[in-house]
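Going down the list, the protein sequences come from chains H, F, E and R.
For the first sequence, the residue numbers in full-length UniProt numbering are 1 to 257.
For the second sequence, the residue numbers in full-length UniProt numbering are 1 to 257.
For the third sequence, the residue numbers in full-length UniProt numbering are 1 to 257.
For the fourth sequence, the residue numbers in full-length UniProt numbering are 1 to 257.
Take these hints with a grain of salt, some might be off.
[As the list claims (entries may be wrong)] Here are the simulated EDC-like pairs of lysine to aspartate or glutamate, each with C-alpha atoms no more than 20 Å apart in a straight line:
1) K17(E) - D152(R)
2) K17(F) - E243(R)
3) K4(E) - E243(H)
4) K4(F) - E247(R)
5) K177(H) - E121(H)
6) K150(F) - E243(E)
7) K4(F) - E247(H)
8) K211(F) - D85(E)
9) K139(F) - D184(F)
10) K150(F) - E28(H)
11) K211(F) - E231(H)
12) K17(E) - E247(H)
13) K139(F) - D85(E)
14) K4(F) - E243(R)
15) K17(H) - D152(F)
16) K47(F) - D167(F)
17) K150(F) - D246(E)
18) K17(H) - E247(E)
19) K211(E) - D85(R)
20) K211(R) - D85(E)
21) K177(E) - E124(E)
22) K150(E) - E28(R)
23) K17(F) - D246(R)
24) K4(H) - E231(F)
25) K150(E) - E243(F)
26) K17(R) - E29(R)
27) K47(R) - E28(R)
28) K47(H) - E231(F)
29) K4(F) - E243(H)
30) K177(H) - D152(H)
31) K47(R) - E29(R)
32) K17(R) - D152(E)
33) K211(H) - E231(F)
34) K211(H) - D85(R)
[Stated by the list, open to error] Which residues of chain R face chain E? A few of them, derived with a C-beta cut under 7 Å, are:
35) I31
36) D58
37) L61
38) V62
39) H148
40) K150
Think of the hints as simulated: they come from the structure by calculation, not from any bench.
All figures in this text were calculated on a predicted structure; none of them were measured in a lab.
Backbone N, C-alpha and C fix where the C-beta goes; we use that ideal spot for every residue, glycine too.
Protein chains: 4
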Amino acid sequence: MRTKPQPTTAIATSDSKTIRVRGHDLVEELIGQATFTEMFLLQLTGKRPTPTQVRILDAVLVTLMEHGLTPSVIATRLIYHSAPDALQAAVAAGLLGVGTTFIGTMEGCAALLEEMLAAPEGLEARARDIALRHKEAGKPVHGFGHPHHKPDDPRTPRMLAVAEGQDVPGRHIAALKMLSAQVDAVYGRHVTINATGASAALLGEIGIPQKVMRGVAVVSRSAGLVGHIYEESQQPSAAFIWETVDEAIPYRAQDAA
Amino acid sequence: MRTKPQPTTAIATSDSKTIRVRGHDLVEELIGQATFTEMFLLQLTGKRPTPTQVRILDAVLVTLMEHGLTPSVIATRLIYHSAPDALQAAVAAGLLGVGTTFIGTMEGCAALLEEMLAAPEGLEARARDIALRHKEAGKPVHGFGHPHHKPDDPRTPRMLAVAEGQDVPGRHIAALKMLSAQVDAVYGRHVTINATGASAALLGEIGIPQKVMRGVAVVSRSAGLVGHIYEESQQPSAAFIWETVDEAIPYRAQDAA
Amino acid sequence: MRTKPQPTTAIATSDSKTIRVRGHDLVEELIGQATFTEMFLLQLTGKRPTPTQVRILDAVLVTLMEHGLTPSVIATRLIYHSAPDALQAAVAAGLLGVGTTFIGTMEGCAALLEEMLAAPEGLEARARDIALRHKEAGKPVHGFGHPHHKPDDPRTPRMLAVAEGQDVPGRHIAALKMLSAQVDAVYGRHVTINATGASAALLGEIGIPQKVMRGVAVVSRSAGLVGHIYEESQQPSAAFIWETVDEAIPYRAQDAA
Amino acid sequence: MRTKPQPTTAIATSDSKTIRVRGHDLVEELIGQATFTEMFLLQLTGKRPTPTQVRILDAVLVTLMEHGLTPSVIATRLIYHSAPDALQAAVAAGLLGVGTTFIGTMEGCAALLEEMLAAPEGLEARARDIALRHKEAGKPVHGFGHPHHKPDDPRTPRMLAVAEGQDVPGRHIAALKMLSAQVDAVYGRHVTINATGASAALLGEIGIPQKVMRGVAVVSRSAGLVGHIYEESQQPSAAFIWETVDEAIPYRAQDAA
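For reference, chain H alone in the conformation it holds in the complex:
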């Protein structure tokens, strides 16, 4: 006896001759006509995207795809070496690193922007309050600061410029800039808006729900990781990485207990 309510799906249906995705005929309307980014937005939002949405999502996807030999990339290369016949597993291993430490700050920043936009006292007062409470707690503000890109993350102004060249409401970008001003004032020094902070604002402008923003990073990174797998297949690094790490981390003897 079923006790759970029956769900439905609005994403896709098919029969022998037709596949419909989000109300569109895949063959007649989408293949050869939509780009990947348009199709991703249709899949996610259920609506044909505007050119502005496409351009902004492309900017975010391009920004997040690649940043060298990151933890995700190293994991992917090692797992590909261990299981070369299951490429999907190597990609999955790397994607499991798209977690709270790095990319999750995008969602954290988006939550702060939403909090500011809903605050009855206005952007400035709430931004100051956010900066103060993070400083007091000794916690970094999500979307701000970068270990290498100092004093400024070079991606951020370019990302914001892309959005500002488009027809967007601008509320999330305005909130991010206000938060940046208050962070600098409260901390008494300039702290860069980083690429995840800019991504949070851009994705907010085009209506990507905060709860699946991490999914945008997952998609972008999956493409980046496939590129690393191909390079790994042509010029293997995994055995070298293994040896290098093993030598770099010494064994600390403990008494047998």
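On the provided structure of chain H, position chains F, E and R as indicated by the hints.
Just chains F, E and R now, kept in the frame of chain H:
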């Protein structure tokens, strides 16, 4: 003491002010200028893609993104329900299903096309030989046949038409069509070229190495799965799926041994 | 130039003739002498376990291994069907479901027990406070309640009896029982301690850190999932599951937008 | 309309008061009475194991759990650093490396042993044939050779001694020894049986199906990885690994294309 040769990477490098990907300045040349699909091709091949490459890769990425409640989608929805704070894990779980049973046939078909294109006796003779040896072994020819899309997979002619409208060498498509003709002749009935067969030919035309073709499907499916995660977050199905499966598969008592 | 402090590892080292794990010679002292559970405790804690630790960890590992066609099991069976040559991927897909919704409550309950044990006002007052604040917030108390095992989870008394038959300090068990009494009093009805609640207390008694308790469930479930993979290989269910789910969840048309 | 035959499961069933696993009452017969290894064998084979099966499986599980900073361990530590709130994802990432390159040789060796045991011409002739065909193909014989443990893998004689001290049929062990003799003769030098070769023979002796042998390694490694996660949580290495790898692998400039 290092024993492994030192590898290098040609993908990316960065300093505090600059990020270079495949020889291009990410900020100055790519963000806001390249689409996701262009960036993916640059990341994978190391070269700026041609419009033809972009258009064909988009067609493949759009085709493979979504096909309803597949095993990958079901796995993703169940894992999202079990670990909603780790969206990347739900995507990874579904991507682990981009394996040999379904998508892997793309690589198998690509290998047959490569075999034909390298055969000294020519396409037709080798295609006939391939069809015969599969029939004798009782094995399906990779890239042919579909359980639901009969007699023809509707995606295939559209995908081929997209490629034929572009400036491509056409060798892989010609090989696929020849193989199709010989499969029909040898089996004595029409067997559709399916979407993975068409994908193999299209990706071959634009120079995607056979060994990472599965990666194209992984990227496309990652976007599809993010769409399902968002729908799952709005209208949960996982508890219903669990209950439905549990009721549909009865327990078969065995004696305690 | 290295900026990060160099870590060390105390887990293992080896040369051509010897492998040492936690200070013990793997060949001379462990293989053929230690059980899996003893080795797991040595690996995790760095110390040879007591018989009490082994017996209690065995009880938890046995309890959590199997509970029928759970979301994790369904995901594993579907992924095994999609990628049968990568068994590790099918196990990994299922393990990704050992997340916050079900198993994570073990850690949540352990945190409550630690809070009680550290409370200056004593167990009873803090237990009452915990029960009250959960009731007011309308949130379930981690480690309490079960959708099917009502009014009582049959595993719990047995697990507690195993621990009480051993030489353990008993502080975590006492805390759990006090919390149970206060939950019943505050909610005005009996709410069962479930198996994750009992696991939290038992693992606390033997010194397993709260932060890796989920790892115990991961290990136990990995064995359970391997059993399901073998049954799936002998009597496939994945195609049936796919069809069943696809039929049970109808498509909800939306207008093309 | 269902088209797939309805499967059943013989693993578990439950109602509000009872959970049965493989025909046994979990609470009355297993918790507090079975060890993890006994429960794993029951789960996998459907039968209560003999003491010999338990002792041999324990020897294999203990052998494979830990071997220092392997690719799986490095992947797990990096992913744990990136997503510390999803411990299961870190374990899964490492387990994805239990693939064909290292552990998969266990299954390959088991297949060779099965081939020998089924050969009408007898063990010796088939072993010689196997060694010859691998030598001619320039391929290593699965289960033989080790990059570090030369001339002999120290685990192997100990593992075989454990099995020989038990009441086992001895057919798989005899086959492995015969294969070893022929490998040495054909290659003209001593090649060690490694731990995966010994594991293949031991698991064959106790009736573990070749097709799920990799699952034994997955279970064993999952415990090893949890130990590394705990050490990582106490003494982080991931940022150091990242920096070390990034510095050790130089960027190779390519012209922008």
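So, going through the hints one by one against the coordinates:
no. : hint              : verdict
1   : K17(E) - D152(R)  : 8 Å, holds
2   : K17(F) - E243(R)  : 18 Å, holds
3   : K4(E) - E243(H)   : 19 Å, holds
4   : K4(F) - E247(R)   : 16 Å, holds
5   : K177(H) - E121(H) : 17 Å, holds
6   : K150(F) - E243(E) : 18 Å, holds
7   : K4(F) - E247(H)   : 12 Å, holds
8   : K211(F) - D85(E)  : 17 Å, holds
9   : K139(F) - D184(F) : 15 Å, holds
10  : K150(F) - E28(H)  : 18 Å, holds
11  : K211(F) - E231(H) : 11 Å, holds
12  : K17(E) - E247(H)  : 18 Å, holds
13  : K139(F) - D85(E)  : 17 Å, holds
14  : K4(F) - E243(R)   : 19 Å, holds
15  : K17(H) - D152(F)  : 8 Å, holds
16  : K47(F) - D167(F)  : 18 Å, holds
17  : K150(F) - D246(E) : 19 Å, holds
18  : K17(H) - E247(E)  : 18 Å, holds
19  : K211(E) - D85(R)  : 9 Å, holds
20  : K211(R) - D85(E)  : 9 Å, holds
21  : K177(E) - E124(E) : 10 Å, holds
22  : K150(E) - E28(R)  : 18 Å, holds
23  : K17(F) - D246(R)  : 18 Å, holds
24  : K4(H) - E231(F)   : 17 Å, holds
25  : K150(E) - E243(F) : 17 Å, holds
26  : K17(R) - E29(R)   : 14 Å, holds
27  : K47(R) - E28(R)   : 17 Å, holds
28  : K47(H) - E231(F)  : 13 Å, holds
29  : K4(F) - E243(H)   : 8 Å, holds
30  : K177(H) - D152(H) : 14 Å, holds
31  : K47(R) - E29(R)   : 13 Å, holds
32  : K17(R) - D152(E)  : 8 Å, holds
33  : K211(H) - E231(F) : 11 Å, holds
34  : K211(H) - D85(R)  : 17 Å, holds
35  : I31               : 5 Å, holds
36  : D58               : 5 Å, holds
37  : L61               : 4 Å, holds
38  : V62               : 5 Å, holds
39  : H148              : 6 Å, holds
40  : K150              : 6 Å, holds
In summary, this structure violates none of the numbered hints.
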